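Novice: Next come the chains, spelled out residue by residue.
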Amino acid sequence: MLRFVLKRLFVMLLTMLSLSLILFSLVNLEPNLRKLALEQNNNRMGQEAVNSWLEKNGFRRPFFVRYGEWVAGAITGDLGYSSRFRKPVNEVLPKRLGYTGILAFWVLLTMVPSALLIGILSGMREGSALDRNLSIFSITTTATPEYVSGILFTVIFASWLGWLKGVSSVKDITFENFTLPVMTMSFYGMGYIARMTRASMSEVMTSQYIRTAHLKGLSFRTVVFKHALRNALIAPFTVILLQFPWLLTGVVIVEKIFNYKGFGWTLVEAAENNDINLLLACSLVSVVVVIGTQLISDVGYAYLNPRIRMES
Amino acid sequence: MEFLNVWELWGGVILRFWPVWAAILLTYFLMRKYRQRLGIFGNLLDSAVGLSGLMIVLFWLFTALFADVVATFEPLEQFYRYRRKPPGVVELESMVPMFFGSDNLGRDLFSRMVHGSRFVLLIAPSATLVAFIVGIMLGLPAGYKGGRTDSILSFVANMILSFPVIVLFYLLVTPGIRETALPNVMAGVFFMFPIIFALTVLRSRFSERPELLIPWSVAVLILGGWLYSGIVFNADPLGWISMDPNELNIFAAVVFASSPGVFRIVRGLTMDIKTRDYVAAAQTRGETYWYIMLWEILPNSRGPLIVDACLRIGYTTILLGTLGFFGLGLAPESPDWGSMINQTRGFIRLIPTIVLPQTIALASFVLGLNLLADGLREESLKD
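Residue numbers (this note's numbering), protein chains in the order written: chain A, 6 to 317; chain B, 305 to 687.
Okay, chain A solo, but in the shape it has when bound:
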């Protein structure tokens, strides 16, 4: 087990390093640097002035020297200065991440239980009318990305019914202004988890040991709760963790629609204002989140499923 974790950890570090190199070179492409120079000074600067500004601020040094410096800074926790917020990145990012953490917490709290419930209900009696209706529901949710469902929900619940508010705020989170973002995000992710749970559940329900449990005379309820669920929930566990890259994209879209100024909003601000340091930091955070959850899902899967452990 320890060797397995160490091996995964090594691959993860290698991935991070290669990704950060790609990120760094994409962010530091010549047109981006020129735009940065123009934005930081007056916009009508000539090509020579741009060059000398870049020279003076150290953007013209060899690529790998600058990359090495950035990595060294990132490891020691110094992510540079944000040109959009005119503050060090370290003062901007943690606060915004906290706001998004609140959002993600509520999304997971509503999305995961309802998705598992839908998946279990439809997988437990495959082919029933309930199964069909729930399946069509989950297919529908996977077909409505956040920028569609968010807008439709706003039209229905904010404009027509007037129950909820279409704009939310990080300073003052209330039921009225926070329900729509949470609902929008959980709606899109729900269907996928539910479908995976259903597939896993229906596979377990046709297995031999479930038949044995039936034949022993146990009630359907006992069979489902005591025997089937435990094995059926291993696969969705991985799926939920692997949802994180999607959740991140969702966070960006939802925060933009509802003007919730968290991490996603910061990322858009950084990208649109050509804030190189902040954009790099945001990308780094998202890559760490994605790879970290992958590691947890691998290790957790091996822990939950003894068959995998034996093989590695």
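In short, the hints are calculated from the structure, not lab data. Please note: incorrect hints may appear among the correct ones.
To be verified - Pulled from the structure, derived: some chain B residues nowhere near chain A, Cβ distances all over 12 angstroms:
no. : residue
1   : THR331
2   : LEU342
3   : ILE427
4   : SER455
5   : ALA539
As the list claims (entries may be wrong) - Pairs of lysine-lysine residues, derived as DSSO-like cross-links and limited to a Cα-Cα distance of at most 30 angstroms, are as follows:
no. : chain 1 : residue 1 : chain 2 : residue 2
6   : A       : LYS176    : A       : LYS266
7   : A       : LYS12     : B       : LYS449
8   : A       : LYS100    : A       : LYS170
9   : B       : LYS449    : B       : LYS578
10  : A       : LYS221    : A       : LYS231
11  : A       : LYS12     : B       : LYS578
What the hints assert, rightly or not - Here are some chain B residues pointing at chain A (derived, C-beta under 7 angstroms):
no. : residue
12  : ILE464
13  : SER466
14  : GLU483
15  : ILE652
16  : PRO656
Values in this document were obtained by computation on a predicted structure and should not be read as measured data. C-beta: ideal position from N, C-alpha, C; glycine also.
Mind docking chain B on chain A? Use the hints.
Specialist: This is chain B only, laid out in the frame that chain A set:
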């Protein structure tokens, strides 16, 4: 200002779509007639879910084809006096109604929605096709040979997959990047794959029969080279094929984002199928690697691949919508659904119906593809 009532409005909309209805009916009857020859697609006629998915997809496909006939106005035509009007307002000069109302610049939402289907139905399937060929060409050897090829390719695929899509798009689809050669280089690499794929398919099949191999290969090279020069370098000698730099940029980014997923699926399927008896038989006959991969393994993994292709076209549609929503890569007045959502969503408070046509269009197309994939999966499990 004159308005249509509900009946006139929906009656008018349904009438405008007449070529689409006719084409759908025709396709349906042709499918019934030749269902034996259609294989798995013929079985779709028995599954309610699959058939409804197919109908929705066909609806948008024919809408894209007949967009010029269906649309009532030009997608970019602005009517200054008819800005942000509710559905059913009649444009008094031409007496043509704006069925779904108009947007902030007085453009007809119905016509823009109809024309927007063109962009999606052109880019999403073709980007998915290229992504599939890239994924197949790399996934087959990775799954079949394993070893170092597999470790390196899997590492790269997993790396791209751990990039959050939105970060990738903010870095890869920008005006800045279009000043560099990067989009062209990426597109150049990706469009190489279909040509190499076709040549490899031919070579592995006809290696003993040069009288067939040579003419076919020459034909592929001429046709492929012609398309390649037009799409990647915008230098088609005949001037027929060309691609906007914006669209090429989007195309390359979308293929880049979705080919690792295809790679993983093809690799998994190959690892499963290579243990079958018919593969062992081909190995005993002494067939080449590529013959076994392309003519034994690939045809036998078509079921799951077709299902995945449907889902992936839907996912690509969502990606294109995301790009439009963030205003990345497309011209600001472009009538694609994602950009339309972005342009109109600020006016929900004034007039809620302004966002409905494009959002429902996008969601219904993706829903159709997902239902179709579900129907196909069920039918392929029956065999």
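Novice: Does each hint fit the structure? Answer for all of them.
Specialist: Structure-based check of all given hints:
1. THR331: Answer for B/THR331: holds, closest chain A Cβ roughly 22 angstroms.
2. LEU342: holds (23 angstroms)
3. ILE427: Holds, because the least Cβ-Cβ distance between B/ILE427 and chain A comes to about 16 angstroms, which exceeds 12 angstroms.
4. SER455: violated (10 angstroms)
5. ALA539: Non-interface label stands for B/ALA539: nearest chain A Cβ at 23 angstroms, farther than 12 angstroms.
6. A/LYS176 to A/LYS266: Holds: A/LYS176 and A/LYS266 sit about 9 angstroms apart, inside 30 angstroms.
7. A/LYS12 to B/LYS449: holds (22 angstroms)
8. A/LYS100 to A/LYS170: Measuring from Cα to Cα gives roughly 24 angstroms; hence the hint holds.
9. B/LYS449 to B/LYS578: holds (10 angstroms)
10. A/LYS221 to A/LYS231: holds (14 angstroms)
11. A/LYS12 to B/LYS578: holds (27 angstroms)
12. ILE464: At 9 angstroms from the nearest chain A Cβ, B/ILE464 fails the 7 angstroms test, so the hint is violated.
13. SER466: holds (5 angstroms)
14. GLU483: holds (5 angstroms)
15. ILE652: holds (6 angstroms)
16. PRO656: B/PRO656 check passes; min Cβ-Cβ to chain A is 4 angstroms, inside 7 angstroms.
Checked against the numbered hints listed earlier, the structure breaks hints 4, 12; every other hint is satisfied.
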